[in-house]
Structure formats: structure tokens, C-alpha cells
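K.L.:
Chain residues, written in single-letter form:
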Amino acid sequence: MNYRIIHRTAYDYPEPVTVSHHAARVKPRTNVTQQRDSWELVIKPEPALRKMRSDYFGNRVCFFSIQEIHEQLEITATSVVSVESVTPPAVSLSLVWERVAAMFRDPVSPEVVEPYQFCFDSPLLRASPELADYARQSFSKETPMLAGVLDLNRRICADFKYDPVATTVATPLEEVLAKRRGVCQDFAHLGIAALRSLGLPARYVSGYLRTRPPEGKERLIGADASHAWFSVYCPDLGWVDFDPTNDLIPSDEHITVAYGRDFSEVTPLCGIITGGGAHEVRVSVDVKPI
Amino acid sequence: MSDADKIKTSRDQTYMFQSQSQSATGKSAADKAAPAPPGLLANYQQTRGAFDEFLGDEGAPRAHYSGLTQSLDELGSAELERRQETCQRLVHEQGITYNVYDDPRGLERPWQLDPVPLLISSDEWKSLETALIQRATLINLVLADCYGPQELIRSGWLPPALVFAQPDFLRPCHGTKPRGDTFLHFYAADLARSPDGQWWVMSDRTQIPTGAGYALANRLVTSRILPEAFRDGHVRRLSGFFREVQKTLMGLAQRRTDNPRIVLLTPGPYNETYFEQTYLARYLGYMLVEGQDLTVRDDKVFLKTLSGLEQVDVILRRVDDDWCDPLELRNDSMLGVPGLVEALRSGNVTVANAPGSGLLQSAAFLSFLPGLCRHVLDEELKLPSVATWWCGQESARSYVLENLDELFIKNAFRSRSRIMSPDKKLTAAELNLLRRRIEFKPELFIGQEWMKLSTAPSWGSNGVSPRRVSLRVYLVATGEGYRVLPGGLTRVAAKDGSQAVAMQRGGSSKDTWVLDEKPVDEVSLLQPAGGKIELRRVGNNLPSRMADNFFWLGRYAERADASARMLRSALLRFSPERTGSSMPVLAPLLHTLEIQGQLTRSDVETGMRHNSEALEADLLAAIYDPARPGSLCSTAGHLRRLAMLARDRTSNDVWRVLSQMEERLVRPTASIVMLAGDAVGVLNQTLLGLAAFHGLARENMTRAQGWRFLDMGYRIERMMYLCTMLDSALLSPEADNPSVLEAVLEVCDSTITYRSRYNLVPNIAAVYDLVLLDDTNPRSLLFQLIQLVKHFERLPKERDSALPSPGQRILLESVTRVRLLDPRGIYGMEGHWHESEVGRVVHEILRDLPRLSDAIAVSYFAHSAISRTGQGGQA
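So the sequence lines, in the order shown, correspond to chains W and G. FYI, the numbering for the first sequence is 1 to 290, going by my numbering. FYI, the numbering for the second sequence is 1001 to 1875, going by my numbering.
Hints are computed from structural coordinates only; laboratory data are not their basis. Some hints could be false.
[What the hints assert, rightly or not] Each computed DSS-like pair below joins lysine-lysine, with the alpha-carbon atoms no more than 27 Å apart:
(1) Lys27/W with Lys1177/G
(2) Lys51/W with Lys1300/G
(3) Lys179/W with Lys161/W
(4) Lys44/W with Lys27/W
(5) Lys217/W with Lys27/W
(6) Lys1304/G with Lys51/W
(7) Lys1518/G with Lys1495/G
(8) Lys1495/G with Lys1410/G
(9) Lys51/W with Lys1177/G
(10) Lys1424/G with Lys1518/G
(11) Lys1410/G with Lys44/W
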């Protein structure tokens, strides 16, 4: 599938901002199943300084700073990408999870050093015995790893209610677990922390999702949001994505932008401003099949 | 700073212990002791099972201690006692403090210094030096690899989890290539000596090696109280090391200039080692700045000064690395500089130590250093580390779990909490819980052997006795490799037999004397003589935040002065016998003190206070009550705190004057009946202290921006009190009462001048002329206004603009109003003084003063806070 994605973020500051520094991770990655045909980032006002580089995980980051006094800021990323559909992995044929967990115990072999770093606590996520208990219901003895993950993915979707007002970007996982509510970010975090609690490597994926309008309705432009899901490392297959919000294995309707250990490392747009006051941010995402 | 910040900075103190069974049995060893040392140390008893720095195996003194012991014996115990007191006084006067968090006795605690230094012989030092240089070199190479190619991880010399699981592995810093590949510009190690005499490294300090400044402060005090021993002992000097520090930092500048700007970035006055930061900044000649003083533009770091932005070349960092840049590192940090990491990548600024260097501070690395040393340097590690098992590895984990109650279990990575303490053994249940925690996340734990520290002669209530010591040593990465400070910070247990030496736990410290065989050369920290230097008449530009501090330092100093004068006048006129008759005289004074917040508002008719006891209590509370925001005692507290913020720019004398003043204003204990007369004495002393402060400012500060803002603050405050008082006096029908006029003259310190001119009973027009219009009277309103106009003319921004600034406009209006005033117009206004022209002008100026102060703040101190932009979550 080919998509044109327009991701717009706008800030209205009640007080003037004298200088601001930002980091934007809004450029889709390229990989085996995803190609980026074009990409453009428009920033208003025009930043004095702007540059692209790769971060530690190979995500493309645009750093920019605005050094003139401004009261509005608008960032629009337009991406044209093509995504190939993938055949869902044969989950029951994957390695049993205990063997995978054993591979990620010191000393690890050089081939798995890269995914190994996704086994540990990260800025927002702490493994815990409670999360291990939650995960273990999907991982009985000698369960093939991906079968376990698929079941965990299903249970998160079933056990937790999608509720956009229950949590914020700062809500800790313990609270999500207690409230049993949240959004895609929380569900992805939950899956990752639960898997890490079993000693399995899991990472956070930030991206976009094609949304389908209700039957007989027009597609609403800009009504989408940026999306998140998680990915697990399976030694024989590599990284395999799971979307707990929609209880599915992503194929050609998920567009990957960035990955990291958790949300804090892939925040689409973060910034530090001098001045500005209490302000609102408006985000709109439009994923249009072309 | 939030509580979390405080906790964060207080973490990972090193605690050193020895096992309980070793300490209490010193006696039997001493019984066996062979030739007892004479004199002061005659009763010195070696602790069994510990190495003693002073006594050798046979109980005979070690050779390198002979000079010191001889010198101490000559002094005798009474003289040593006296010198110990001098030592305490010097520490106190120099304001050497250490901040202890959550301490009921207050944040600042006086530094503890034991007058008897620790001595190290030159041979021993030489081998320590070589070993430390090797260790620092190794650690730097390991850091460069972890933040670069990561070969050591891939080839298996470093377990990946040791790096990847660490919160101190800062991924955004990966790939930043610091100048000369140096991550570790400064390094410190905590050393301890085991019973067999071997030195061990207890911990490596790679993040922010603190304490070198305290070592220096200890040296300055100890060399003054033991000058004979210091002179004769060929003690190696410390200043050469700091000269190397200066040269190193200078060499790190990217710009080719003979005067690169180097700043010391502090987390602020609540940090535990704030004293040291101000001390080092002053000693090394760098500006002390907070994150908000800096800003990043075009990938360069700038200092915000009164006259604009000035580029910064090198940042000596005392802010933890993950708090340095809220954009890329911890985004809840308000201590850092947004954009700093990107500026680092561009190579436009150098930060020492490089952000990320805290990685190697983890004690888990200790067990891997021998192997790394062999692999990286092709040498054996010369200085062993205390035996450490990192539970991230299976065999080490099993060992630790099997010996859980024998080992000292610590967090492998930085953490706010401690797992074990020497004072209390864990219960079986606690051990079980710990076991489960280790099994669940083994990589977060290490086990260490309990270290038996050596003992050294220390001064205590029983004379000189052995106490446990550990030594922190310091290195700097110069162009020609690492250099070691010949000395260090010796930490010593608070009590005989005690095992904890951490300063946060009440331990004390010692100077460390590294002895040389021959007399040592003096090194000065100033520029080597003979070199050409560009002459300068202005100092480094003042950061806006500092201007703000100076302005308020001036305002509070004058507030203290004015309120002390008024309280004194009120107390002198106050008499319980004639409350009623003295009221007209007291009314304007009391009213002014009420408006300015020293006295509580009287709820009856303004100024009328009939209950003399209540009034007396209120006056005393206005002096001593720390809970009353406007009291003299609170003002003195503000003053001292502001002086602390400006500590790198004010002299020790200023500091001494202000802290003495605050101490004097501490309320006498409840058992002592407080008398008005005693209070007058305290007020007199306070006024003398303030006069000393003003004198120091006037005579010792160059007429640069700092002084200008101090003086502006003080002029504005003086006008505030003067106008409030005149305004109150004119509201009273008795404004022309000679007693009221006398009080006005007294508060304005103009009595003598008045008498010399008029020599008769005070006349209202003449008095108001003297205190308002006489521009030769340094206490008059016009004098203050003229001084302010002069200051304004010299402020950087005012000169550039064609039109007067808002502040200047207010000033010019006020000056004109006062100049055009004819005080004789007040005659014939009996009972309606306030409606006279004099009354109107005083009232208008009083109204405009806060506007003037605000205008200055807006033009010069406006430092808007940084904040995070809102984030769109992912849905």
C-alpha cells in the first residue's frame, strides 16, 4: 500500500517565546517492507538552525531552533511511503520462550547483543514481578514465544479499555495497570514491560495507522493520531510487531516512524522553550492511501 | 530545586566499614606494644586488625611521622587544644560549609576538620601516583569505547548488560567525540588501606569528582594552625595541581583566543558541595553560573550578561550529566541548558567531565578492570579494587547469593536508596526479600567485601587517638597525561571505634600531607610572571541573574539598616510609664515599621497602641522573630543567603560580617528575660555590622556592574523607608512637634548636621529641606535620586537608546519634582501637613518607587524560565 501522511503539530503560546530548541522524530524509517518515496518537513517560523541526524537507534531526528521571538509554531511533516504486506509469522513454530529468555542471559552471543539492550529497564519502564505474573498467564511452560506474545497482545486488548482521557503521556505504568484503561502508548508500554519482566527483548514502535471510516461514511481528514505498538525479538525471525490496541499483527496498514526502548526515546516532537507560558498543542495526522 | 533533585545529588556517598568484630579489641594489641612513643602520643593505642598509619608492626612510630609527632609534642596538649579551637574558628570564618539534606539543624553544616593531618611518605606516594595515572588512563579509554565503537562490548571484555542496563549510559552522548577523546578530565578515587598495608580502590568517581576544593580549604587552615610542622616537613604544595587544572581547561577551548571564557556550572546553593563550587570558582578565577545563565544559539553556548550574550568555551560541570540538557537528556531538568548536547556534537563547547562519564562510576565495573587493563593497556592493573561481584553474571550471582549475609550488598547502578548499612544487620526476612530482588533483576546488584579501613592519629576529646580513615585522591587530564594532586581529602570517622567516614554521616576530614625528601617549590596560581598580558579595566561581564542578586543584596542591606534605626529610635523613646505621652512621637515610627512589615498592624486607630507590654513584645519580635517575614532577623537571613548566591564575587570579609550579624540576631534563650535595653545594644551592633558591610562594598568593590546594582538597590530601599516615614509623619497633626522632628533627624542620621546649621529647636521646613532637598546630605531624598540617575547613565542598555527608558523617565520626573519643591510652602498648613506641596511630592515618590524597581527588573533581570513544550501523546 502507498500512503501520503500529513502530520501537523501546532503550538499557540500565550506569551512570546524568545528562543526554542526542538527535536522531531517524524521521518518514517525505511526497512525491508517499508519504502520512503518522499519526505518534507515545513516549519513556521523558519528556524535559524535546522539539521538532520540519526539517533542511537538509527531513527532520523531533525533538530531545529528558533531564535527569533515567536508566538506560534507549526510543524508539518509530509511523507509518502509504500508498505508491503507481510505474511503473518507462523507463531506456533517459533522457539519456546524459555529458550529465548535463556539466550538473553549473560554471557550473550555477539549476534544478539543488539536486541539484548531492549531487555532492561528504560527511562519510563520498570520490569516487576507483578508484570511478570501478568505476562506468565500467556507463557505457560514451553509455549512457543510468538504464540505467547500473540496471546498477551490479545489479553491486553481485552483486559484494558481504550480511554483517551484516562491517561496522559506522563501516566506511569503502575497506574495504567491499576485503572485498566489507557491509549495505544500505554498498551505498548504494558506489553514491553511485561515481556521484559520475563527476560524477553521488546521495543517501542512509533508510527501511523491507516484508519478506515465507518461503513458508508467519508474518510475524515486529519482525524487520525500518531500511533504506537511494540515489537519483540525472536531469534529465528528477527523483530516481529504486535499492536495490542487493535489486537493484531501489523501488516501494510502500519507505518513505522521510529523505535526505541520506550516513548521517551521516540517522542515525535519535543521541545524546550524560553518564555511561552501555559500553552496548548494541537496535533493532527492524516493517513491517506494513494 | 525540587526534593527529588536534592535526593538525587545526595546519592551514592561512599560508606566504608569494617566488620563489627574487629573494632572493640584494641587493648590487647596495645599491651603488647613495644617502645611506646613519648609525649602526646604516649597513650595512642593501635587498633587490632587494622593498619595504623602512625605506628608500625612493632608498635614503633613510622619514620615519616617523626617530624609531625615531634612538633606536636613541642606544642603540648594545651597548645594543641588552643589550635584546635583556632581551626574551628577559621573554618567558621571562612564559611566552609557542607549541605546536609533533610537536616533539622538547617541545610548548612560547618565543615569538620581534624587539625592532625594524614601523612604519606614520598616513596609510597610515588607508587600510588603511577597506579592512579594508569587507572585514570584506562577508565578514559573504556569510556571512549563505550561512547564510540563499543569494541570492548562486542569482543566480550565488557558484559553488554553492564553498559546497556545502566541509566548512566547516556545514549544521546554516543558518538559525541570530545576533544582529544578525553571524557574523563577529572577523576577521583576513594582509597583505603587494608590491614596488610595494601592500598585499595573503594570506588571510582568519574561523574563529578567532588572534594578537591575542600582538600584545598583544609590545607589553607591546617598549614596555618601547624605552621612549624608544615614548614619543616617538606609538604608538597597543592597549587601546582590547580595551575594544571587551569591550563587544561584553557586548552579545551575551541576558539583561538588568549582569554577563553570558562564557567563553572552549578546546580545552585542547595547542592551539598555548593561551598566548594564557589570556592573553586573564586580560586580558579571562573564565573559561577547556573543553567539559566546560559543559552544555546547557533549550536554555541552563550552567557546572558547585562550587555548581551557572550560565548562560553568551556564548562566545568557540577551538574550531573543527565541533568545537563532537558532537550536530549532528562527532560524534567531545570538545571541544565537546552541544546547543550547538540552544541557539544558541533564541537563549539567542551564540557568537563564529558556528559556520559558517570557510566564508569558504577561499582560493577570494579571486577572487570583487571581484565580490561590487560586487554587495553597490556599491563597489569597496579592498584587493586575492593573485591566486588556483579550479580549480572551467573557465577558471581551464585557466590553473592550463597554469601549474602557476609557481603556488603549495594546497588550496581546509581540509586537513591541504600540496601545495607553497617549499623544494622538485615533480618532473615529482609535477607530473603533481598534474595528475591537479586534473583529477579540480578544486573542491578553487586556484592562487596567489607573493607577494614586503616587508622590514623586524630584529635578528639581524649587527645590524640586512632580513628578510621579513607583517602580521596584527585587527577586531572593534562595535555601530557594525567597528573595527581599531591595530597587529597582524608575522611575520618566521627568517633573512636566508629566505622563510617562519610561526611553526610557526620564524619570529619583531615588535610593530607605528601612528604618530599627535599624542600618544595612554591607555585603561584597567578599567570607566570614575564608573559605579556592584555590590560583590562573591566572585569568579566556580569550575568543578569547576578545583577539581580546584587540589587537585592543592596535592598536588604538597607532594609536592615533602616529598620534597625527605626526600631532603635522607637525603643529609646518607649517607656512603659508614659505610653500615652510618647505616642505622638512614636506614631510615625511605628506606622512606618507597620507598613514595611516589621510590626504587626494595630487594629485600633492607626498608630495608637495603649498596651505598653504588647507593644514592647511586638518591638522585640520585630528584631528577633524568625517567623515574622519583615523582622530584622529574617532580613539578616535573606542577606546572608543573597551573599551566598554572590559568594564567588564577594570577599570573605563581607561573608564574615553578614554571618556574624545573623548570629547576633538569634533570639536569646527563653530563660533570659529580654530587656528593651539589651535589644538596643544588639541594634547598635547590627548597625555597626551594616556599616562595615557598606564600607567594604564602597571601599573594596570596583565600580563595575555588580557594585552599581548593589548601590541602586540600596538607594531605592533608603528612599522607600524615608518616604514612608515622612508620609506617616505628615499625616499626623503633630508633624511640627519638635520631638517628632527630632525622631526624623535621628532616623535620617542628620541630627548633627542640623544642629551645626541651625542650633535651635527643630523647625519643620528646615528639617524637611535637610532630609529631602539637600543634595550634600548623603541621607537626603535628592541625593539618592541623583545617585540613581548617575547609575542609570552608565547601565549598558540605557546608553544605546535615544529615548529615556521607563525607569529613567520615572527618575527624571522625581528629580524634577523634588528640585522644584519649596519647603517653606509647608508653613501655615498646620493640621493639614499632608496636603502641602511637600506632602504631595513625598506621596508621589512613594507611589513611584515600586514602579522604578519593577522597571529595573524588567530591563535587566528578566530571565524567563524554560519549559517543555506540550507533547501530543500517541493514541
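K.L.:
Check whether the Cα positions of Lys1304/G and Lys51/W lie no farther apart than 27 Å.
P.N.:
25 Å, holds
K.L.:
For Lys1424/G and Lys1518/G, compute the direct alpha-carbon distance and say whether it is at most 27 Å.
P.N.:
48 Å, violated
K.L.:
Tell me if the straight-line CA distance from Lys179/W to Lys161/W falls inside 27 Å.
P.N.:
The given pair, whose Cα atoms are some 9 Å apart, holds under the 27 Å limit.
K.L.:
Is it true that the CA of Lys217/W sits at most 27 Å from the CA of Lys27/W?
P.N.:
Judged against 27 Å, a Cα distance of about 30 Å means the pair is violated.
K.L.:
Measure nothing beyond the straight line between the CA atoms of Lys1518/G and Lys1495/G; if it is 27 Å or shorter, mark the hint as holding.
P.N.:
35 Å, violated
K.L.:
When you check the alpha-carbon spacing of Lys51/W and Lys1177/G, does it fall within 27 Å?
P.N.:
18 Å, holds
K.L.:
Taking 27 Å as the top limit, are the C-alpha atoms of Lys27/W and Lys1177/G close enough?
P.N.:
26 Å, holds
K.L.:
Within 27 Å, alpha carbon to alpha carbon, are Lys1410/G and Lys44/W?
P.N.:
51 Å, violated
K.L.:
Is Lys44/W close enough to Lys27/W, meaning Cα to Cα at most 27 Å?
P.N.:
Cα-Cα ~18 Å, so holds.
K.L.:
Compare the distance between the alpha carbons of Lys1495/G and Lys1410/G with 27 Å, and conclude whether the hinted pair is satisfied.
P.N.:
25 Å, holds
K.L.:
Regarding the pair Lys51/W and Lys1300/G, is the alpha-carbon distance no greater than 27 Å?
P.N.:
Holds, because 15 Å separates the two Cα atoms, which is no more than 27 Å.
In this structure, the hints that do not hold are numbers 5, 7, 10, 11, in rising order.
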